[in-house]
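J.: Residues per chain are reported as follows:
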Amino acid sequence: MTKIDKDIALVTGPPKDINNVQKIATLIGMSGLLILVLAAFNVNFPHKGIWLAIALASIAGGIILYSKGAYGNKQEGIKNDGVWFKSISNRGFWGWIAGIAMTGFYIVLYFFPALLGLNADGENTGIISLFDPLSRMLSGNAASQWFVYGTMYTVAIIAFGIKFMWKYRHNKYERLRTFSVMFFQTGFAFIIPELMTRLNSDKFSLPYYDLKNVWPLNYSNFEQYRVDDMISAGNVGLGLLIFGVASVLIITPIMTYKYGKRWYCSWVCGCGGLAETAGDPFRQLSDKSTWAWKMERWMVHSVVVFVVIMTTAVVSTYLGYDDQKYWLTRETFLIGVIAILTILIGLLFFFRRDELKKDAKIGAIGYFVIIVAMIGIHYSAGSRIFIFEAETLRSTYGFLIGSVFSGVIGTGFYPILGNRSWCRFGCPMAAIMGMQQRFFSKFRITTNGGQCISCGNCSTYCEMGIDVKAYAQKGQNIVRSSCVGCGVCSAVCPRGVLKLENGEDSGDSRYDSDPITFGNDGIKLNM
Amino acid sequence: MKHIAIIGNGISGVTAARHIRKLSDHKITLISAETEHFFSRTALMYVYMGHMKQEHVKPYEDHFWSKNRIDLKFGYVSKVDANNKKLVFDNQEELEFDDLIIACGSKPNKFGWKGQDLDGVQGLYSWQDLELMGKNSVNCERAVIVGGGLIGVEMAEMFLSRGIKVTFLVREKRFWGSVLPKEESELVSRHIISHHVDLRFETELEEIIPDENGRAKAIRTNDGEEIICQFVGLTAGVGPNVDFLNGGSVDLNRGVLVNEFLETNIPNVYSIGDCAEFHQHPTGRRNMEQVWYTGKMMGETVAQTICGTKTAYKPGIWFNSAKFFDIEYQTYGWVWAQPKENEAVLYWEHNDGKKCLKLIYDNNNGSFLAVNVFGIRLRHKVLDYWIKNETKIEEVLQNLEDANFEPQFYENSFPEIKKMFLLQLPKTV
Ligand SMILES: Cc1cc2nc3c(=O)[nH]c(=O)nc-3n(C[C@H](O)[C@H](O)[C@H](O)COP(=O)(O)OP(=O)(O)OC[C@H]3O[C@@H](n4cnc5c(N)ncnc54)[C@H](O)[C@@H]3O)c2cc1C
Ligand code: SF4
Ligand code: SF4
Chain S
705 MTKIDKDIAL VTGPPKDINN VQKIATLIGM SGLLILVLAA FNVNFPHKGI WLAIALASIA
765 GGIILYSKGA YGNKQEGIKN DGVWFKSISN RGFWGWIAGI AMTGFYIVLY FFPALLGLNA
825 DGENTGIISL FDPLSRMLSG NAASQWFVYG TMYTVAIIAF GIKFMWKYRH NKYERLRTFS
885 VMFFQTGFAF IIPELMTRLN SDKFSLPYYD LKNVWPLNYS NFEQYRVDDM ISAGNVGLGL
945 LIFGVASVLI ITPIMTYKYG KRWYCSWVCG CGGLAETAGD PFRQLSDKST WAWKMERWMV
1005 HSVVVFVVIM TTAVVSTYLG YDDQKYWLTR ETFLIGVIAI LTILIGLLFF FRRDELKKDA
1065 KIGAIGYFVI IVAMIGIHYS AGSRIFIFEA ETLRSTYGFL IGSVFSGVIG TGFYPILGNR
1125 SWCRFGCPMA AIMGMQQRFF SKFRITTNGG QCISCGNCST YCEMGIDVKA YAQKGQNIVR
1185 SSCVGCGVCS AVCPRGVLKL ENGEDSGDSR YDSDPITFGN DGIKLNM
Chain E
8 MKHIAIIGNG ISGVTAARHI RKLSDHKITL ISAETEHFFS RTALMYVYMG HMKQEHVKPY
68 EDHFWSKNRI DLKFGYVSKV DANNKKLVFD NQEELEFDDL IIACGSKPNK FGWKGQDLDG
128 VQGLYSWQDL ELMGKNSVNC ERAVIVGGGL IGVEMAEMFL SRGIKVTFLV REKRFWGSVL
188 PKEESELVSR HIISHHVDLR FETELEEIIP DENGRAKAIR TNDGEEIICQ FVGLTAGVGP
248 NVDFLNGGSV DLNRGVLVNE FLETNIPNVY SIGDCAEFHQ HPTGRRNMEQ VWYTGKMMGE
308 TVAQTICGTK TAYKPGIWFN SAKFFDIEYQ TYGWVWAQPK ENEAVLYWEH NDGKKCLKLI
368 YDNNNGSFLA VNVFGIRLRH KVLDYWIKNE TKIEEVLQNL EDANFEPQFY ENSFPEIKKM
428 FLLQLPKTV
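Top line first, the protein sequences correspond to chains S and E. Numbering-wise (the numbering used here), the first sequence opens with residue 705 and increments by one. Numbering-wise (the numbering used here), the second sequence opens with residue 8 and increments by one.
One chain only, chain S, in its complex shape:
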């Protein structure tokens, strides 16, 4: 870079002070947070229910008032002024502080819950005890660290969701899908499972089931204790089990075919929900380089292979030693898995060989690894796959992917890596739907003829790190497996170039591409 290529804006751009409303809002929000922190340091609040209500209300209220200060007196429109000047959103000092604080919180949550007041035997103390009254109200039981986390997660999605809707109040697509994630988080992830626990008795016990949480995102859904619970819980339980399988094999493919993976990733999913609301100020930090794209493809597909092998190993293990109990035997199950995978891969290679091109390699390697592992499971005794215990695989996956990747890095690093690094690099659900979105779906982002001015807004604000303008400036539609359909690229485009659409599932209209600017009538050849 020459001296001229340096960035001027940061030298001279004034990081605007926040206004008075925002200052008061910050104070209110922080005081709510302070109550939680004091509780965490074992300040024993009397009337826990009331203090908890005050804390949560001030946090949510602070966030909402802050949004009013930020957007209330401005006209409808794109609100990205100063994003790269503020240290919280440009990976500056406050960004790192926030990242470290959040990462710290996740580490304590996953690995040292005792610090939060979870006591192996005996009453909760600390911050967890503060949540006991709410938990008793919902499920009848004392709180756990997961209840604390779930509550805060839900409050964050609701409060930051309102902020996001305010910010994009001119954009009905954004408002609707944000309302949708708020609804699914509050209802499906939070309230319903807690109430379901209430139904449990000695004879009847349902596993904690967030219905919208589909395998493989919910990697433990088919573990023995859950399956046993469901089978033993009569029709309701069996219904849940069937629903669990159907959501993987039927609902997800149909919805993804019709609408692309956005139906899940940015309308339903909880991880996506947090990313789109609390994570929205960090969406511009995703890495757009081709290098990151390469990384993404290898990483996310490796996770898919890992989760398929792990789940198959776990399920076939309990099918193996308890074969009286289930109508499925270990052999049928293994053959079934292999058959389904072979059919899927076969269909892909047969119908989409042209689009597949280079990716055929990744697909073939993944398939090969899985098949070898299946054979390994078959010929290994008992619960082993080659030399690994199925249980070891499961706990390794749970630790590496379930905790460290999705939580500590995925969410804790929002202010550093952007808000969707888990969804992009780690989520096996997103990867599977992504493959389908790329090859068998009606969804695409259409570009508007020749109107693109290559300004770069779309790419900058794409949380999945897709270089949207690389397609738009060539007049190509965007058909990318990682696109979660958040619609923000379309929203920030100053020239109306991008539209998220469901149309024909393949053929020219979907991939539409002509390297010559639309409207240049002099040139007819297609290079």
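Just so you know, the hints here were simulated from the structure itself, not pulled from any lab data. Keep in mind that the hints are not guaranteed to be accurate.
Claimed, not checked - A few chain S residues that don't get close to chain E, going by computed Cβ distances all over 12 Å:
1. 786
2. 789
3. 908
As the list claims (entries may be wrong) - Using 20 Å as the maximum straight-line C-alpha spacing, the simulated EDC-like pairs for lysine to aspartate or glutamate come out as follows:
4. 172(E) - 785(S)
5. 778(S) - 409(E)
6. 395(E) - 1218(S)
7. 399(E) - 409(E)
8. 362(E) - 270(E)
Said to hold, decoys possible - Looking from chain E toward chain S, a few residues come up when the C-beta cut is under 8 Å (computed):
9. 60
10. 68
11. 168
12. 231
13. 235
14. 300
15. 311
16. 312
17. 319
18. 323
19. 384
20. 388
21. 391
22. 412
All values derive from a computational prediction rather than experimental measurement. Where is the CB? At the ideal position from N, CA and C, for every residue including glycine.
Start from chain S and add chain E with the ligands according to the hints.
T.: Only chain E with the ligands this time, still in chain S's reference frame:
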């Protein structure tokens, strides 16, 4: 293998280079004295406002150039020696070429105002202008912008994003009156004023008044009013940046004169983009069109010719777009500020006063001619098809919704528009 030198790494020069590379193995040297890597000029405002940094407004990653064997040369060409086929740089370095493409772009117009070269007075065109604007914005309370075009509005929005008050002087009776018809112009004016811009029509700059350090401290208008300001933005259009070609053998008028093949008077020397001026525009439009899209198309065309397929420049149906603060604008076909005699006009405006749609058709035969649209997105391909094929206005109205490019779930104004327009349509067409 020829050596093709390109002066200017803007959209025109870069598009030419890319397409030459696609079509051939020629050696390509892309020259610029502005920035080492191509950036999107249209995105300058977003860098100032903090939406993006410089790295985001580069349309290609830095490794793109070496990967595609496009040599980048950073330096200012002070002379084109066309007869000896070489370029002379300001440091006396020389570069020989077989073919030359002049794509040197524009520079802001200055009309000889008194005080136009003072500190704190500038236009906005180059990356250096943007840097200067950053410096000039420090401790600035009020800026005066002179000239009501697109860059002026962008500048106003830029200042407001930093809390700097703006007075906007427009010579015409209404905003962008040379291009926009009355209704559209009023819609835009209302919106600009709603952002607290002090917008003044029929007001011209008389003089810029310096302080003791030679910095602008106020301006005087043609009404004799003095306005205190720390910044004066000159945005009264742009003109070809061709001073370095003066006295050379390449024919100039205001810009570099070219024929329909983008050839200058000298063999193997071409000119494209903002700086090119047609003897006569191939489609009868103005002889200079300083927009992004035409630069791109000329780049594509000249690449064909240089690589052996002699190709005339033939732009299709005119289109353009812009954004005025929060309101997007698109146009397809040519909408005149004053309708021509044979033109009939259909106009709809949303009752929020921020969206409108204007269709122009031919009175005589009912063919659809052009559209202006504000606050609604239309589908380029559909409009292009209708205009190109002289589709009858009735058919256009019947199928109006095919042109809808609004995001999903948006309020759909098309049924209302269609109903209203069908009522207005005389029965004869
Ligand atoms: C703020 C702004 C916003 C705009 N917005 C829009 C828009 O929304 N839509 C639209 O259609 N158009 C827009 N335009 C116009 C559009 O940017 C131009 O039409 C387009 O960039 C012209 O491209 P070009 O390649 O012809 O020239 P340029 O982009 O000007 O490139 C020419 C390059 O050549 C270099 N150069 C010149 N002389 C020499 C020399 N002697 N030696 C070495 N290098 C030299 C210059 O430094 C420059 O880098 C905008 C312009 C500005 C300034
Ligand atoms: S491409 Fe657009 S819609 Fe898709 S994830 Fe990126 S910003 Fe969202
Ligand atoms: S698609 Fe829109 S936002 Fe993206 S580069 Fe083009 S004009 Fe800019």
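J.: State for each hint whether it applies.
T.: Comparing the hints with the structure gives:
no. : hint             : in the structure
1   : 786              : violated, 4 Å
2   : 789              : violated, 4 Å
3   : 908              : holds, 42 Å
4   : 172(E) - 785(S)  : holds, 16 Å
5   : 778(S) - 409(E)  : violated, 33 Å
6   : 395(E) - 1218(S) : holds, 19 Å
7   : 399(E) - 409(E)  : holds, 15 Å
8   : 362(E) - 270(E)  : violated, 42 Å
9   : 60               : holds, 5 Å
10  : 68               : holds, 7 Å
11  : 168              : holds, 5 Å
12  : 231              : violated, 34 Å
13  : 235              : violated, 21 Å
14  : 300              : holds, 6 Å
15  : 311              : holds, 6 Å
16  : 312              : violated, 10 Å
17  : 319              : holds, 6 Å
18  : 323              : holds, 4 Å
19  : 384              : holds, 4 Å
20  : 388              : holds, 5 Å
21  : 391              : holds, 6 Å
22  : 412              : holds, 5 Å
Comparing the model with each earlier hint shows violations of hints 1, 2, 5, 8, 12, 13 and 16; every other hint is respected.
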